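Model the placement of chains B and C on the given structure of chain A, informed by the hints.
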Amino acid sequence: MTPSAEPQPYPRRQWWMAAYSHEVTRALFGTTVLGEKIVLYRTEAGSVVALSGLCPHRMFPLDLSRVVGDTVQCGYHGFRFDPTGRCVEVPSQPEPSPAVLKSYPVIEQGGAVWLWTGEPELADPKRLPDLGAMGLGQAGWGVEHHPRSLLKGRYTLLIDNLLDLSHASFLHEHTIPKAEAVARVPHELIATEQSLNLRRLGCGIPPNPFFKLLFPAHEGSVDQSFDAEYLCPALIRTGGTLYDSASGQPLGTLNFIHAITPETPTSVHYFVMTARNFRTDDPAITALNLKMGQAIQPQDTLAIEAIEAVLSSALPRPVEVSVKADVGAIQVRRRLEAQIRAEAASLAR
Amino acid sequence: MTPSAEPQPYPRRQWWMAAYSHEVTRALFGTTVLGEKIVLYRTEAGSVVALSGLCPHRMFPLDLSRVVGDTVQCGYHGFRFDPTGRCVEVPSQPEPSPAVLKSYPVIEQGGAVWLWTGEPELADPKRLPDLGAMGLGQAGWGVEHHPRSLLKGRYTLLIDNLLDLSHASFLHEHTIPKAEAVARVPHELIATEQSLNLRRLGCGIPPNPFFKLLFPAHEGSVDQSFDAEYLCPALIRTGGTLYDSASGQPLGTLNFIHAITPETPTSVHYFVMTARNFRTDDPAITALNLKMGQAIQPQDTLAIEAIEAVLSSALPRPVEVSVKADVGAIQVRRRLEAQIRAEAASLAR
Amino acid sequence: MTPSAEPQPYPRRQWWMAAYSHEVTRALFGTTVLGEKIVLYRTEAGSVVALSGLCPHRMFPLDLSRVVGDTVQCGYHGFRFDPTGRCVEVPSQPEPSPAVLKSYPVIEQGGAVWLWTGEPELADPKRLPDLGAMGLGQAGWGVEHHPRSLLKGRYTLLIDNLLDLSHASFLHEHTIPKAEAVARVPHELIATEQSLNLRRLGCGIPPNPFFKLLFPAHEGSVDQSFDAEYLCPALIRTGGTLYDSASGQPLGTLNFIHAITPETPTSVHYFVMTARNFRTDDPAITALNLKMGQAIQPQDTLAIEAIEAVLSSALPRPVEVSVKADVGAIQVRRRLEAQIRAEAASLAR
Numbered sequence: 001m002t003p004s005a006e007p008q009p010y011p012r013r014q015w016w017m018a019a020y021s022h023e024v025t026r027a028l029f030g031t032t033v034l035g036e037k038i039v040l041y042r043t044e045a046g047s048v049v050a051l052s053g054l055c056p057h058r059m060f061p062l063d064l065s066r067v068v069g070d071t072v073q074c075g076y077h078g079f080r081f082d083p084t085g086r087c088v089e090v091p092s093q094p095e096p097s098p099a100v101l102k103s104y105p106v107i108e109q110g111g112a113v114w115l116w117t118g119e120p121e122l123a124d125p126k127r128l129p130d131l132g133a134m135g136l137g138q139a140g141w142g143v144e145h146h147p148r149s150l151l152k153g154r155y156t157l158l159i160d161n162l163l164d165l166s167h168a169s170f171l172h173e174h175t176i177p178k179a180e181a182v183a184r185v186p187h188e189l190i191a192t193e194q195s196l197n198l199r200r201l202g203c204g205i206p207p208n209p210f211f212k213l214l215f216p217a218h219e220g221s222v223d224q225s226f227d228a229e230y231l232c233p234a235l236i237r238t239g240g241t242l243y244d245s246a247s248g249q250p251l252g253t254l255n256f257i258h259a260i261t262p263e264t265p266t267s268v269h270y271f272v273m274t275a276r277n278f279r280t281d282d283p284a285i286t287a288l289n290l291k292m293g294q295a296i297q298p299q300d301t302l303a304i305e306a307i308e309a310v311l312s313s314a315l316p317r318p319v320e321v322s323v324k325a326d327v328g329a330i331q332v333r334r335r336l337e338a339q340i341r342a343e344a345a346s347l348a349r
Numbered sequence: 001m002t003p004s005a006e007p008q009p010y011p012r013r014q015w016w017m018a019a020y021s022h023e024v025t026r027a028l029f030g031t032t033v034l035g036e037k038i039v040l041y042r043t044e045a046g047s048v049v050a051l052s053g054l055c056p057h058r059m060f061p062l063d064l065s066r067v068v069g070d071t072v073q074c075g076y077h078g079f080r081f082d083p084t085g086r087c088v089e090v091p092s093q094p095e096p097s098p099a100v101l102k103s104y105p106v107i108e109q110g111g112a113v114w115l116w117t118g119e120p121e122l123a124d125p126k127r128l129p130d131l132g133a134m135g136l137g138q139a140g141w142g143v144e145h146h147p148r149s150l151l152k153g154r155y156t157l158l159i160d161n162l163l164d165l166s167h168a169s170f171l172h173e174h175t176i177p178k179a180e181a182v183a184r185v186p187h188e189l190i191a192t193e194q195s196l197n198l199r200r201l202g203c204g205i206p207p208n209p210f211f212k213l214l215f216p217a218h219e220g221s222v223d224q225s226f227d228a229e230y231l232c233p234a235l236i237r238t239g240g241t242l243y244d245s246a247s248g249q250p251l252g253t254l255n256f257i258h259a260i261t262p263e264t265p266t267s268v269h270y271f272v273m274t275a276r277n278f279r280t281d282d283p284a285i286t287a288l289n290l291k292m293g294q295a296i297q298p299q300d301t302l303a304i305e306a307i308e309a310v311l312s313s314a315l316p317r318p319v320e321v322s323v324k325a326d327v328g329a330i331q332v333r334r335r336l337e338a339q340i341r342a343e344a345a346s347l348a349r
Numbered sequence: 001m002t003p004s005a006e007p008q009p010y011p012r013r014q015w016w017m018a019a020y021s022h023e024v025t026r027a028l029f030g031t032t033v034l035g036e037k038i039v040l041y042r043t044e045a046g047s048v049v050a051l052s053g054l055c056p057h058r059m060f061p062l063d064l065s066r067v068v069g070d071t072v073q074c075g076y077h078g079f080r081f082d083p084t085g086r087c088v089e090v091p092s093q094p095e096p097s098p099a100v101l102k103s104y105p106v107i108e109q110g111g112a113v114w115l116w117t118g119e120p121e122l123a124d125p126k127r128l129p130d131l132g133a134m135g136l137g138q139a140g141w142g143v144e145h146h147p148r149s150l151l152k153g154r155y156t157l158l159i160d161n162l163l164d165l166s167h168a169s170f171l172h173e174h175t176i177p178k179a180e181a182v183a184r185v186p187h188e189l190i191a192t193e194q195s196l197n198l199r200r201l202g203c204g205i206p207p208n209p210f211f212k213l214l215f216p217a218h219e220g221s222v223d224q225s226f227d228a229e230y231l232c233p234a235l236i237r238t239g240g241t242l243y244d245s246a247s248g249q250p251l252g253t254l255n256f257i258h259a260i261t262p263e264t265p266t267s268v269h270y271f272v273m274t275a276r277n278f279r280t281d282d283p284a285i286t287a288l289n290l291k292m293g294q295a296i297q298p299q300d301t302l303a304i305e306a307i308e309a310v311l312s313s314a315l316p317r318p319v320e321v322s323v324k325a326d327v328g329a330i331q332v333r334r335r336l337e338a339q340i341r342a343e344a345a346s347l348a349r
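Residue numbers (my numbering), protein chains in the order written: chain A, 1 to 349; chain B, 1 to 349; chain C, 1 to 349.
No lab work stands behind these hints: they were computed from the structure. In this text the structure is predicted, and so the values were computed from the model without any measurement. Among the hints, a few may not be true.
All copies of an identical chain are treated as equivalent in the list; a pair is satisfied when it fits inside any one copy or across any two copies.
[To be verified] No more than 30 angstroms apart at the CA atoms, straight line, and that leaves these computed lysine-lysine pairs for DSSO-like:
| id | residue 1 | residue 2 |
| --- | --- | --- |
| 1 | Lys102 | Lys152 |
| 2 | Lys212 | Lys291 |
| 3 | Lys102 | Lys178 |
| 4 | Lys102 | Lys324 |
Bound conformation, chain A alone (with noise of 0.2 angstroms):
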């Protein structure tokens, strides 16, 4: 399954979720992205901070550590060490150590902490995908933090999964409203230099009791494009939009949104954020969102477990084969080695 070879598993040049806004505060959150220890915490003024996790006086992880002030100060024989990663403070002498942790550069942006993992000169907030267009941190707009998963499974299965929606028909098919028909939606594939987006369109679907609960004052048939598309290896949006069939007025738009993390190179983490511009002040939509994806999660986790297991023994297993569904997450995996290998020949120069 590509690409999967160590030992670049995964592009660096990139922003990765590493929390919930709200996951990081004056304590240390600790967590490991792209196989690295890292420790997140606020300053005194409020902003981020994102450091290595690993104390290298005598690698003692730093999230059993605790924060001074602005200064991280290592549990073990209390190094401290500033936001830029600087010692400055060595308790057991006067003067601090030429030690220093490596610094992350960060944005906080809609609702969420986005930490860069390449080189932090070219680290630059336009290179993350425009998150407001999908609603989130956006007025007009609702949104729901699902609970944070790990999954011991690598994150290109979880690509996998979320462009290929046929599963819904299969996977989810008690959970989803509606599963069983999306596995047969022909769908179209746009293409633009940044996304890929594979959409399914409905027209004329009657009414039924998923979209009556959405749109309780709505009669008559409602037209429907459904997205999976892929923004960046870090991000992937699912849902659409509902339109009158009459009018071919929008009704209201229902993101999903997927945030993949790479843990390591055989785990990843997994954040849904679900944003909506209808009926933002709802609780009942809001409880509907959480409820279906605390449902469908352990599904998708249940299969991508289940593979990882299978790839990562030694036992044998079948040549890999493909249908037409794949074209979108095949183009990924492409897009996705293309930039890997874009990557390693830069620094090779």
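Positioned in the frame of chain A, the structure of chains B and C alone reads:
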């Protein structure tokens, strides 16, 4: 401990017990045999199907899937495969895919499903040892199916165990009736082209409580013939016959049939069946046999798993020393190695 | 982190603490030392025997076996071995086998059993540091045997830990009395051919509740000498002596004796004993010492296991940085490496 060197620690041109007949139903039964994931099920007509347990589309394990009519439908994207393994449906497109699932020859005999892991064209039911001769699926015999177990140890440790029954005096000291005597009873080795039998003979054994349990009406001493018979890597029979010492007439035979099916290079499925040709309808004897199995098996499991832990570790261990009682086990190792080498040679041609 | 490179991460010509004396009885006591499985037991006459813990017949672990008279009887097929490791019985045949169990030189001293892992002919009791000088097995001293623990970390991490006591101010901040001061007390390094001692001296320390607990009758300030003394890879002493500041007379000595026994390349047995030459019969001091150990050990275990997890993982880590306080630990690493290299060179000759 030979033969255990990778890449091929087991012969493949072999029938192996995959499941008890009662385990295979209209639902999918997943197992792993010789390192290959397999699903078993019955068609509407009741015949047993054995197919590869991995969907070649995205490696989803088919034991998490379902039977539809006579086909298997993958639980991820709904690909369907017929009992020969041919893909008959891809839901997202009109035509099926050329993908196939590997299909395994099976026979159902003696209350069990036997799977052929070699080239299908070589699958010959005659290569399965004569189960009826042991009492399986035979009129006039009573049979117990002991619960299956999965041991974390290479299958050759189980063969070693069964072919040196002197261990009964120590490992099963308090479990097997008159166990303390076993190690000291002399045995003879009866070799045929197919099998190797280590036979222990006891003459004029005075009545004891265990014999009384089996044959309450019998008076006087008995002669006993007790075998440990290797029939093939998949099957060992232990047990034997009691005779009236005075007349030489057989009182009855009790066999322990051990089906040994490698799961992976370091784990093994273990099925025990008991078969007897006396008091076949007596539930007290059935209960006695099951209870004895329930007590003995955990002791063998403990020994085999403890030894596997030693063999699998990187830690140093002494050079193996053998004694006369190992003659059967060592001849079996040689036959097994010869069988594996012959297969490799024939595949290389 | 040196020295940790395989294949030989530890010196073998060394006495290591295998067990407390009270742990070795007429039953088999199994342990693993330097990667070798070992069983310990006492003969009828009470002397300690240490033999390889694997039966060379079929690698059955002898800690699952039993003592018969002065011999070990394997729990699988009943092979018996005398205290020198010679096979004296094979139950299935009249004569014993030439199989032998490796036998280890042992000494029982200071309430513990010490095992020699090098060539037996080099086992010299004089190479065991002077336990009496530390208060073990000595009249006029009270000793506590803290519960043994097994840390999932390479033994050198425990040596590093004990030789940089500045960690007390952070890792044991709320546990060790006056911990906050430790990191800032200057120390001197006293090196002899055998040992390396990092001594911290404090003069004119005003009375505090902890000193009052130990020496309730004493008035006025005290001087303190506190050591972290490396005696050999198997033994480190921390602790020291309090003096009356006015007269310079010693009030008493309290030693923490740390026995460090590698189990495998990445795990270590850890035994702590406290020894004092004042109020030796006072159960309140005994309780205090045990309680302090009970609080401190889990903190050190946490640090060592967290660092081992980093070192054992394939994930990237920063280059190690050392400071002045590491001078002792670094000299010990050099001695240890030199010891290992000298052994390898002598074996290669």
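To test your reading of the hints: which numbers does this structure violate? Checked against the structure, the only hint that fails is number 3, while the rest are satisfied.
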